[in-house]
Structures are given as structure tokens and as C-alpha cells.
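For the protein sequence lines, the chains are U and C, in the order given.
With our numbering as the guide, the letters of the first sequence map in order to residues 30 to 350.
With our numbering as the guide, the letters of the second sequence map in order to residues 30 to 350.
The hints are simulated quantities; they were obtained by calculation from the structure and are not laboratory data.
The structure presented is a predicted model; accordingly, all values stated were derived computationally and were not measured.
Keep in mind that the hints are not guaranteed to be accurate.
[Stated by the list, open to error] Only some residues are given here: those of chain C computed to face chain U with a beta carbon under 8 Å: (1) 51; (2) 55; (3) 59; (4) 135; (5) 142; (6) 144; (7) 146; (8) 149; (9) 157; (10) 161; (11) 167; (12) 176; (13) 179; (14) 218; (15) 220; (16) 332.
[Stated by the list, open to error] In silico lysine-lysine, BS3-like type, Cα no more than 27 Å apart, as pairs: (17) 273/C <-> 290/C; (18) 324/C <-> 335/C; (19) 54/C <-> 54/U; (20) 189/C <-> 335/C; (21) 336/U <-> 323/U; (22) 189/U <-> 54/C.
Cβ coordinates follow ideal geometry from the N, Cα and C atoms, glycine included.
Below, each chain spelled out in residue letters.
2 protein chains.
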Amino acid sequence: MIFDFFSEIKTELSVVEDELKNAVKSSDPLLTETATHLINAGGKRLRPAFCLLGGKFYNFNMDKLVPIAVALELIHMASLVHDDVVDSSLTRRGIPTVRAKWGNRISTHIGDYLLGKSLILISRYEEPLIPRVLADTSVKMSEGEILQISTTYNTDQNIKDYFYRINRKTALLISASCQLGAVACGAPQHLHQSLRRFGHHIGMAFQITDDILDMTAEQIKLGKPVGGDLRQGIITLPTIYALKESSDRNRLHEIIQKIDKSEEEVHEAIDLITRCGGIEYSAAIANQYIAKAKKELTKLPDVPVKKTMQIIADFIGVRKF
Amino acid sequence: MIFDFFSEIKTELSVVEDELKNAVKSSDPLLTETATHLINAGGKRLRPAFCLLGGKFYNFNMDKLVPIAVALELIHMASLVHDDVVDSSLTRRGIPTVRAKWGNRISTHIGDYLLGKSLILISRYEEPLIPRVLADTSVKMSEGEILQISTTYNTDQNIKDYFYRINRKTALLISASCQLGAVACGAPQHLHQSLRRFGHHIGMAFQITDDILDMTAEQIKLGKPVGGDLRQGIITLPTIYALKESSDRNRLHEIIQKIDKSEEEVHEAIDLITRCGGIEYSAAIANQYIAKAKKELTKLPDVPVKKTMQIIADFIGVRKF
């Protein structure tokens, strides 16, 4: 497990893990197989962890926390699966090959199935804030995804556009995770709102760091080729900065807009971005969010997990994977 | 408007239509455009209509009915959009699908967006039965879709498998529509359960008729090529019957299992199915469901729309489009 600092909630997280497996069981063998495969593929379980940690701030109660913790991970998994749906170029006479078609079919319906299962869990709660926050988050997550698609290769984006997009894509669900654990345990508004803000700052820092790592990490640690965003035309913070500040911004612009980039061109673009300070600038922005998150923590009651949340905040600022 | 017998709720349906348009508005222009395209592509609005009719049986209240009526149509639309992703359909009701116009990725996210919007509407209700029924229905709809994928080209399916599948694919949401209109208006259990059963029978008859029309309708009325199910390897009731009863069942089996069928082969298969009585048999089964639906209606209080629901039941048994 990568995130050792979840050791305080290790037992609770393993309960969530078991319930996650139970939640996706179906009488349909294909469905059980694919959903189980997804779960076993792992993931940091960041959202359930934040949910449980949030619950530690007020009348921690696992019966109340487990369904929402599982639901949050299911929503996250569904969004990842739907993200995998691609416009396959593997077509013959305008019709996708069986292989390409099968992949998309499974991805779409498995995603819907996971979302449906999360709804079943959410519908157990009488507190109306839980479905409301998650409904709002779902809508905005979809908006973020569509915005990412429609702004691909668009070099006119500014920092504000980027923040708007990553808030929807990532920060909102992390924010909801921090908030709703406390809500499920019956926490008062000032407490769960404070956790929500903490989650927002952490979520923003997390995505900015992710976007930095997409350019700087070693391929083996990233688990995918470096420069994936650039290849797909996704404009992230380091690129936005470099498009404005680099002396070679015309060349960078030219590479970014190419649909088919060579390995050399991707590395040339990363090099241009790095040399003009795009990585450092982005890391500084991430660190500003970390600082805001830690400041928000000072408003929260002094419970043992508060230290853990500080460590998580620091870790997100320096993580290498 | 095809379904003239909704004239009794014409004004109410136009309110739902306006709210449907409002519900999908977004600050993102692409999102507003695609969602509006979907709504303007039309549809029978069968689910909102059933929901409103259900409400007519108990303290009819539009404030309580509109959000759930809109939510039901959004869930239906989301399932159609996601269906278009997987089936590679380029037209629906004679109009280009979102996928054909904007691609698979957009379709997936538009579907999620519509689902999210339906959740926002559902989260307004305090009655826990509404989210619970819809969550359960969503999961089962996905199960039905995945079952349809995993049983494609599988000629071993029996009638029971078919009923299980179309219940999930179609009948459950129609059933929920009939039930939840009454639930939203505060109807007692025996009433909304009776409406639920009515909806189940109507929904089953509706899908069986749809599957018959896929073989018998003129292309212009269907808005898509005849024999689409056979082409895609989807085994429906007339085919299941013919695979058992036709003297040419070996030839039928052979055609069905071909991935690339010629026009002639599709028409040969339809001819084989028709000649052995597969269409008549399926129509008889649909009519049994209609009869059950009408019998269920006799248990319901005598309100004016009851007559309308009888006419709808009869219409589904004989519809040509």
C-alpha cells in the first residue's frame, strides 16, 4: 500500500474493501468478473480514506460511514471506466471491429452499473445533503470531462479555465469525500463545510501534482508513458504557463497542435516547458493549495487524525508517484 | 404527436417538456447544444406521461410530479445515449445520434451528465421510495444491457432468458414511471404497487411489440433499417420461437450466427421466422401482457384517466410504429 499514513484507519479501510467487493456482485457472471477485475486492479482508495478520516472528527460510526465510503469509490471507478471509452479508429467500413466495439460496450455499461450500485447505497441515507452533494458533484464531473474534450488542443486556455476544469474533474469528489464522511456521522455544518474546503484544496493540489508528474515522472512509476496529456492535446498548468512565458512558445504551440506527435516532439515540448519554469511554477501553485488546506485544518477540532491529514497534505506536495 | 390519447394531460406534458429543456441547460455551450439536440430529437415521452397518469389516481399535484417526470425521461435518454455508444448506431428515430455527430467520448459523458441531472431532481424528494426504486431500476437496466451484450449471437436462449432481459431493459423503468407518479403524490402502497404491476405488463408488451416491429415494420415508420436486431445478433422472442419451431431452424441458426449478414440473409431469416408463426406467437404473448395490464386496471379506483390507460394498453397491442 502506497499511502502508509492511512495506517490509523487500516482496519476500517479493509472493511470498506470487502464491502466494495460485495457491492459489485451480480447474478450475471460477466458483470461480476469485470467489476471484480476493476476492484482488484487497485487504486489508492483515497476517497473512502478521506471519507473515513472526515468521520473521525465527529461521532465516528462505521455503520454510517461504510455505505457512503463505498459509494464514493464506485463513483470514482465509474468515472475512470467511462474515461476509458474512446473513439476508436479501429473501424472497418465505418463499423467498429468486434474488439473495439466490445471494449466500449463493456466500459459504458460497467460504468453505469457501478453508478447504479452507488445510488443504492446513497438511497439508504435520510440526510438529504448526501444525495444532493453527490448529484451536484456528478453533474459537474461530467461537465469537467466534456470541457476537457472540447478544449483539447486549444492553446487559448488560461489558468482560470484550468482551475475550473480540474475542480470539476478531480477536486469536487475529493471535497465531497471529506465532507460527507462527517455529514454521515451527523457533524454540524461548520465542521463538514470546513472539511469540504480542506478537501477542495487537497483535491486541487492533487490534480496539479498529477499533471506535473505526467511530464516529470519516470515511466515505470507512472505506469503509463510520460507526456500522455501533451500527446492527447490536454493542456495542463505547466503548458499554460509555458505558452505564455517561454521564449520558444511558438515552437511549443506548434508541437501541441500536432495530432500525431513523435516521441522526440513530446520530449522537446516537455523540455521547453521545464526550461522556462513551467514545472516550478505549477509546483508553487500546488503548494499554495497545500498551505490553504493546512490552514483550514487549524479550524478543525484537535482529534488524532488531524496529524494524519497534515501529513497527507504535505505528501501530496512532494509525491513522486 | 403520435400518442393522441395523452390529450388529457397535454398541458401537463408541455410543462414537463419545458422543464426538461431547463434541466439540461449548462454553462458549457457544447453540453447545452448536445443535450438540446437530444431533447429536440423527440421521443414519445412515454415515461413522463405514465408518471403523470399515475399521479391522477391520488391527489394529483404538478409541483410534486414534474421533477420525477423529468428525471424519468432523463434516465431514459441517458440509457439511449449510452446504448448508441455501444451499438454504433448512427441514427435513432431517423435523426443522427449524438455519437454519430460528436463521438463516443462525448456520448458517454452526455449520458452521465443527464443521469447526474436526474439525481439532482430526485434528491429533492423526502420520500425514500423514490431514490430506492430508481437506484434499483438503474442497476437492473445496466444488468439488462450487459446481459444483452453477453448473449449476443447465443442461440441457446429460452423465453425465460428473454423475459428476464426485456424486463431489465425496458419494463422496469416504465413500471417505475407508473408507480412513482403515484408515490410522489402520496398514494398508499396498494395503489402504487398496483400501478407498478400495470406498468410492468405494459412495459413487457411494449418491448415485445418493439421486437416484432423490428422485423415487420416499414423502414420509414421505424426510422431505422428493418432486421436491426438480427443484424446485431440480438435474439428476440420471434427468433427464439422460430429456432425451436421452424422446420428450417438449422438455416436460421446459420444466418443468425454470421457476423456479417447480407441484406438477403436478413430478409431470409425474417421470412423463416414469419412463416413458422414466430410473429403471431410473439404478438399473442404481447396480448397476454396487455390482458394482464387491463385486469390490473380493474383493481384501481375509477378516475377519468383510467379509460386512457385502457386505450394505451390496447394501442400497444396493435401499434405499427
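Status of the hints after comparison with the structure:
1. 51: 14 Å, violated
2. 55: 6 Å, holds
3. 59: 5 Å, holds
4. 135: The hint holds - residue 135/C has a Cβ within 8 Å of chain U, the shortest such distance being about 6 Å.
5. 142: At 4 Å from the nearest chain U Cβ, residue 142/C passes the 8 Å test, so the hint holds.
6. 144: Cβ of residue 144/C sits 7 Å from chain U, so the hint holds.
7. 146: 6 Å, holds
8. 149: It holds, given that the least Cβ distance between residue 149/C and chain U is near 4 Å, below 8 Å.
9. 157: 7 Å, holds
10. 161: 5 Å, holds
11. 167: 4 Å, holds
12. 176: Hint holds; residue 176/C Cβ to chain U Cβ min 6 Å, cut 8 Å.
13. 179: Holds. Min distance 4 Å.
14. 218: 18 Å, violated
15. 220: It is violated, given that the least Cβ distance between residue 220/C and chain U is near 22 Å, above 8 Å.
16. 332: At 30 Å from the nearest chain U Cβ, residue 332/C fails the 8 Å test, so the hint is violated.
17. 273/C <-> 290/C: With a Cα-Cα distance of about 21 Å, the restraint between residue 273/C and residue 290/C holds, given a limit of 27 Å.
18. 324/C <-> 335/C: Holds: residue 324/C and residue 335/C sit about 12 Å apart, inside 27 Å.
19. 54/C <-> 54/U: 36 Å, violated
20. 189/C <-> 335/C: Violated - the C-alpha atoms of residue 335/C and residue 189/C are around 31 Å apart, more than 27 Å.
21. 336/U <-> 323/U: 10 Å, holds
22. 189/U <-> 54/C: 22 Å, holds
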